[in-house]
Amino acid sequence: MTTTIQIDNNTKKKLFKIKLKLEEQKGSGISYNEIIEYLINNQKKPLIDKRNLEEFRSLEGILPKGTLNVYLKEKRKDLEREEKRAPLKVQQK
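Residue numbering for the sequence shown follows the working numbering, starting at 1 and increasing by one per position.
It is possible that some hints are incorrect.
[What the hints assert, rightly or not] Simulated pairs of lysine-lysine, PhoX-like, Cα-Cα distance not exceeding 20 Å:
1) Lys-26 with Lys-14
2) Lys-84 with Lys-44
3) Lys-21 with Lys-44
4) Lys-84 with Lys-73
5) Lys-44 with Lys-14
6) Lys-65 with Lys-75
It should be emphasised that the hints constitute simulated quantities derived from the structure, not laboratory data. All of these numbers come straight from a predicted model, not from anything done at the bench.
Please model the entire structure based on the sequences and the hints provided.
Spelled out as structure tokens, the structure:
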């Protein structure tokens, strides 16, 4: 099953540069799907990084205790819903 994603021009240019490098290494053409799989499989840091919560932390003392847990729970639900709509294909090794 295929799906359409929207990206801005800057991101598209970056993906295209990666595409050219990977095609040069492989010696043949690759799809954007293969590029995204490569990036996911070779990421150096987790997708959910505590540094991404800096804006949330700036509200410390304003929001009730336990709000961080609610926020993380909702983000997890969002990711699960997105995964159900368009599941990631994991390559078997």
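Structure versus earlier hints, numbers of those that do not hold, lowest first: 2
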